[in-house]
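I would like the entire structure built from these sequences, with the hints used as guidance.
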Amino acid sequence: MKNLIILFMISLVPAMVTGQGRIEGKVMVAGADGASDGDILPGASVVWAGTTTGTSANTAGYFTLRRVRGYDLLVASFVGYTSDTVLVKHDTEYIEIFLEESSLIDEVTVIGRATGAHIDRDAAIATVNITAAELCKAACCNLSESFVTNASIDVNYADAATGAKQIQLLGLAGSYVQILTENIPAMYGLGAAYGLSYIPGPWMES
Numbered sequence: 403m404k405n406l407i408i409l410f411m412i413s414l415v416p417a418m419v420t421g422q423g424r425i426e427g428k429v430m431v432a433g434a435d436g437a438s439d440g441d442i443l444p445g446a447s448v449v450w451a452g453t454t455t456g457t458s459a460n461t462a463g464y465f466t467l468r469r470v471r472g473y474d475l476l477v478a479s480f481v482g483y484t485s486d487t488v489l490v491k492h493d494t495e496y497i498e499i500f501l502e503e504s505s506l507i508d509e510v511t512v513i514g515r516a517t518g519a520h521i522d523r524d525a526a527i528a529t530v531n532i533t534a535a536e537l538c539k540a541a542c543c544n545l546s547e548s549f550v551t552n553a554s555i556d557v558n559y560a561d562a563a564t565g566a567k568q569i570q571l572l573g574l575a576g577s578y579v580q581i582l583t584e585n586i587p588a589m590y591g592l593g594a595a596y597g598l599s600y601i602p603g604p605w606m607e608s
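The opening residue of the sequence shown carries number 403 in my numbering; numbering runs sequentially from there.
Treat the hints as calculated values from the structure; they're not laboratory data.
Predicted model, so just to flag it, every value in this text is computed and none were measured.
Built from N, CA and C at the ideal position, the CB exists for glycine as well.
Check before you lean on any hint, since a few could be wrong.
DEER-style ranges, computed between Cβ atoms [said to hold, decoys possible]:
| no. | residue 1 | residue 2 | range |
| --- | --- | --- | --- |
| 1 | 466 | 521 | 56 to 64 angstroms |
| 2 | 453 | 529 | 56 to 64 angstroms |
| 3 | 498 | 473 | 55 to 63 angstroms |
| 4 | 498 | 521 | 54 to 62 angstroms |
| 5 | 454 | 515 | 37 to 45 angstroms |
| 6 | 462 | 487 | 40 to 48 angstroms |
| 7 | 510 | 452 | 30 to 38 angstroms |
| 8 | 523 | 487 | 46 to 54 angstroms |
| 9 | 514 | 460 | 38 to 46 angstroms |
Have a look at this one:
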């Protein structure tokens, strides 16, 4: 009788090893009722929670994973779907996991915008572009006040008695600075001293 019991226990060992050694399953897309809608998720990641032991589903959505002693939570994930954590009992040999699609956000439009004053890296010579956004920062009454926020351009009083202002670019006096209005030279000669006072700052584009 004792020998029969020993033989019976030995015959159960392969079954116990098979049941506790590996877990098989399939990862599918969850339908409206929580069950599968028939679509599989090939390449889905399946891993024991809290460990680095995992695998990926094959092209048919099936996977085989070695069990880890002391861990019974199986995490399945796939790009575009919400990850799911499933409790796997010790006697479970096959399991099906259903993943729901993640909530999609509305279309996002990204618009690039340069700063008010920026360096033109495509130009052959060193060029600083000053846009309307930069000119309008301190444009109260006229163009001479539009350059207060820019370190490359100085507007100094050419005549203290009359209050006429003269523009200086990188230290060069107004006679060396070309100012164009729609690509036409402006504020030259005597007008270089007074021209800045007659152009509203918000009118400038660059």
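Here is how each hint holds up against the structure:
{"no.": "1", "hint": "466 to 521: 56 to 64 angstroms", "verdict": "holds, 59 angstroms"}
{"no.": "2", "hint": "453 to 529: 56 to 64 angstroms", "verdict": "holds, 58 angstroms"}
{"no.": "3", "hint": "498 to 473: 55 to 63 angstroms", "verdict": "violated, 20 angstroms"}
{"no.": "4", "hint": "498 to 521: 54 to 62 angstroms", "verdict": "holds, 59 angstroms"}
{"no.": "5", "hint": "454 to 515: 37 to 45 angstroms", "verdict": "holds, 44 angstroms"}
{"no.": "6", "hint": "462 to 487: 40 to 48 angstroms", "verdict": "violated, 23 angstroms"}
{"no.": "7", "hint": "510 to 452: 30 to 38 angstroms", "verdict": "holds, 35 angstroms"}
{"no.": "8", "hint": "523 to 487: 46 to 54 angstroms", "verdict": "holds, 50 angstroms"}
{"no.": "9", "hint": "514 to 460: 38 to 46 angstroms", "verdict": "holds, 43 angstroms"}
Going through the hint list in order, the structure does not satisfy hints 3 and 6.
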